[in-house]
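Novice: Chain by chain, the residues run as shown.
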Amino acid sequence: MDKAQIWQILQTISDPEIPVVSLVEMGIVREVEVEGEAVTVTITPTFAGCPAMRVMQEDIVRSLKGQGATQVQVKTQIAPAWTSDWISEEARLKLKAFGLAPPLKHDGDLNIILLDIARCPRCNSRNTRLQNNFGSTLCRSIYTCNNCKEPFEQFKAI
Amino acid sequence: MIATLNTTQILNDWLLATADDQLILAHRDSEWTGHAPILEEDIALANIAQDELGHATLWYNLLMQLKSENEDYPDRLVYQREANQWRNVQLVELPKGDWAFTMLRQYFMDAYEHVLMSHLEKSQHQNIADIAAKIHREELYHYKHSSAWVKRLALGTDESYQRMQAALNQQWPYIGQLFALAPGEASLVEAGIIPDPAILQNDWQKLVLPLLSTGQLDLPEVSNRFSSRAEHSLHLNQLLNDLQKVFRLDPEADW
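If you're matching them up, the sequences are chains A and X in order. The letter at position 45 of the first sequence is residue 45 when you use this note's numbering, and the numbering goes up by one with no holes. Take any residue in the second sequence, count from 1 to its spot, add 1000: that is its number in this note's numbering.
Calculated from the structure, these hints are not laboratory results. A virtual CB, placed ideally from N, CA and C, is assigned to each residue, including glycine. It is possible that some hints are incorrect.
Claimed, not checked - According to the in silico footprint, chain A covers these stretches of chain X (three or more CB under 8 Å from chain A): (1) 1053-1063; (2) 1136-1149.
What the hints assert, rightly or not - Residues from chain X that keep clear of chain A, each with C-beta distances beyond 12 Å, as calculated: (3) Gln-1177; (4) Ser-1213; (5) Leu-1243.
As the list claims (entries may be wrong) - For lysine-lysine, the following DSS-like pairs were computed, each having C-alpha atoms within a straight-line distance of at most 27 Å: (6) X:Lys-1144 <-> A:Lys-149; (7) X:Lys-1144 <-> A:Lys-96; (8) A:Lys-75 <-> X:Lys-1122.
Assemble the whole structure, with the sequences as input and the hints as a guide.
Specialist: As structure tokens, then:
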């Protein structure tokens, strides 16, 4: 199994908390190494306390072994720290279709957190208000749209 | 005294103290889960507790790595240590109190972590700098949240103001411990691994004092308690009793 095949398989593994996007699209998979039969996949947590890390590791091992890999190791690294800027354009569209507003791009300037800006994923209005910086998972904030009156979640910029 | 401690041991002790602050704070926050005044805050504080637990884990994991310990090392540290083996500051072990007490403590700790991580991101110890960079981004959300609550309660009703002032009176004597150097830690400061606590305290005050002043809260005149991090109140025993109860029922159980 070569690197390209492995990346292709990883592309099919869903984020356990957001099933419409893959671990690769989320920027969680950082590196794939192949040495003979030994495959090493390096992943990085989105949030330090993310409880889905274990599930991701198990999913990666199961998927790769299911497609013929014999030795799979999953390593975790924290540097460089994961940033929501790494979420691909394609994944941002999928998040929006899923009803989860994509995070604002910040290029490292996290003062953007203080602005409470979100665009409603349903009606596209920017006229929204923050309800809670914390939501159903570590990576989500809760907003309400003043235009269509619907509540929605936003993936946090980080 | 100092000559008998080697740098590795001093660094390990510092990591343990840093991790313990986070773990005990996370536990106190988690005590509100299912009990917070409104649903949104229940969710928010449960998230914050989970983040702090994640931060504690990063520090425990680094300690495990540096000491070449086994994977169960963080669990052993959390579930098997007696109170006198913990190195958290006393501020975080105080009972959760009312909402004003919890929010003020969270705010003090968020401001502390914010300034600490700003310095540690530039640490000469690469692993520490990497962890600080990871933690710092998450802490910004905490800081935003807890500072808003302190302001809201201080400027709210007479009762919310009284409660915030009472929380400040209780907590202020414990602040000094956050900025006290343990024996030998001056060598870590000299090596550029951790920041000079005087600078850290100054940075912290620049954040905290204007907010307390905006809320018209009066700083109590108290002498700081500079006790060692090995000294704890009985509150920690009670907390550990809760935290370790299930583990101690069957220490050999395979989870």
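Novice: Name the hints, by number, that the structure is in violation of.
Specialist: Structure breaks no hint.
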